[in-house]
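Engineer: This is what each chain is made of:
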Amino acid sequence: GAGVSQSPSNKVTEKGKDVELRCDPISGHTALYWYRQSLGQGLEFLIYFQGNSAPDKSGLPSDRFSAERTGGSVSTLTIQRTQQEDSAVYLCASSLRQGDNQPQHFGDGTRLSIL
Amino acid sequence: AQSVAQPEDQVNVAEGNPLTVKCTYSVSGNPYLFWYVQYPNRGLQFLLKYITGDNLVKGSYGFEAEFNKSQTSFHLKKPSALVSDSALYFCAVRVDTGRRALTFGSGTRLQVQP
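Chains as they are written, first to last, in my numbering: chain A, 1 to 115; chain B, 1 to 114.
By construction, these hints were calculated from the structure, which means they are not laboratory data. Hints are supplied without guarantee of correctness; some may be wrong.
[Claimed, not checked] One-sided and incomplete, this derived list gives chain B residues near chain A with beta-carbon spacing under 10 Å:
no.	residue
1	G16
2	Y36
3	R42
4	L44
5	L48
6	T52
7	Q71
8	D96
9	R99
10	A101
11	G105
[Unchecked claim] FRET-style restraints, in silico, Cβ to Cβ:
no.	chain 1	residue 1	chain 2	residue 2	range
12	B	E15	A	P55	43 to 49 Å
13	A	S27	B	T20	32 to 38 Å
14	A	G72	B	S3	30 to 36 Å
Only a predicted model underlies this, so the values are computations on that prediction, with no experimental measurement involved. Beta carbons are placed, not taken as given, at the ideal position from N, Cα and C, and that holds for glycine.
Turn these sequences into a full structure, and let the hints steer you where they fit.
Structural biologist: This is how it looks when you write it as structure tokens:
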């Protein structure tokens, strides 16, 4: 497909387990972003990648959260020792690097539920 | 710090009537402004952006927005609403330098009644 692809679409796990969320950006998009959408907090920025490097990790809420990107394409967001407050929809977006005014294109998200 | 305010949690409008969804922003520097729409269980879909130039920006599906620097506003408008426009709308901002991440408003639910 031509859009941003995220998997899984839904994930239910027990408190304390680790989870991995995957994002496959639009081909040719070198910038990749992770956001979290929750009822109480709205849309929050988590981390930004340019290529494989992450110049802005300022939104990661704790050291339980980490992300990586390999080959300038697919990214994984990992949450260790999940807590109930981690329940949210995790959205990935990508954009072209050329120019700073390119819109971000979003995937449909992963709905994470921590029991 | 940058911020976005969407003062209305919900906007109700009758089909065929004009609609306005309000957005004001606060940034240090020149703003890049965006509107996105979200349908149930879907990601955000880009509608339009203001970067520079004409204050009236036209976007997808007949939507437009007017950038007003003195009022720091970027209201979304459409001359004639459709029932299918019912969705959640987000305004977002970033500055022209520095942080690339978008700061989003809290969202406004648009309900268009037949």
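Engineer: Go through the hint on T52 (chain B) and say holds or violated, using the shortest Cβ distance to chain A against 10 Å.
Structural biologist: It holds, given that the least Cβ distance between T52 (chain B) and chain A is near 8 Å, below 10 Å.
Engineer: Any CB of chain A closer than 10 Å to the CB of A101 (chain B)?
Structural biologist: Nearest chain A Cβ about 4 Å off; hint holds.
Engineer: Is the hint on G105 (chain B) kept, meaning its closest Cβ partner in chain A is under 10 Å away?
Structural biologist: G105 (chain B) check passes; min Cβ-Cβ to chain A is 8 Å, inside 10 Å.
Engineer: I want to verify a distance hint. Is the separation of the beta carbons of S27 (chain A) and T20 (chain B) within 32 to 38 Å?
Structural biologist: 37 Å Cβ-Cβ, so the 32 to 38 Å window holds.
Engineer: Is the interface hint satisfied for L44 (chain B)? The criterion is a beta-carbon contact with chain A at less than 10 Å.
Structural biologist: At about 4 Å, which falls below the 10 Å cut-off, the nearest Cβ of chain A leaves the hint on L44 (chain B) intact, so it holds.
Engineer: Going by Cβ atoms only, is R42 (chain B) closer than 10 Å to chain A?
Structural biologist: 5 Å, holds
Engineer: Closer than 10 Å between Cβ atoms is the bar; does Q71 (chain B) clear it against chain A? Give me holds or violated.
Structural biologist: With a minimum Cβ separation of about 22 Å from chain A (threshold 10 Å), the hint on Q71 (chain B) is violated.
Engineer: Let me know if the C-beta of G16 (chain B) comes in closer than 10 Å to any C-beta of chain A, holds or violated.
Structural biologist: 29 Å, violated
Engineer: Let me know if the C-beta of Y36 (chain B) comes in closer than 10 Å to any C-beta of chain A, holds or violated.
Structural biologist: Constraint on Y36 (chain B) satisfied, holds at 8 Å.
Engineer: With 10 Å as the cut and Cβ atoms as the points, is R99 (chain B) at the interface with chain A?
Structural biologist: Status holds, d = 6 Å.
Engineer: At the C-beta level, are E15 (chain B) and P55 (chain A) separated by a distance inside 43 to 49 Å?
Structural biologist: 46 Å, holds
Engineer: Can the hint on D96 (chain B) be confirmed by a CB-to-CB distance to chain A that is less than 10 Å?
Structural biologist: OK, holds: D96 (chain B) within 10 Å of chain A, min 7 Å.
In summary, the numbered hints that this structure violates are 1 and 7.
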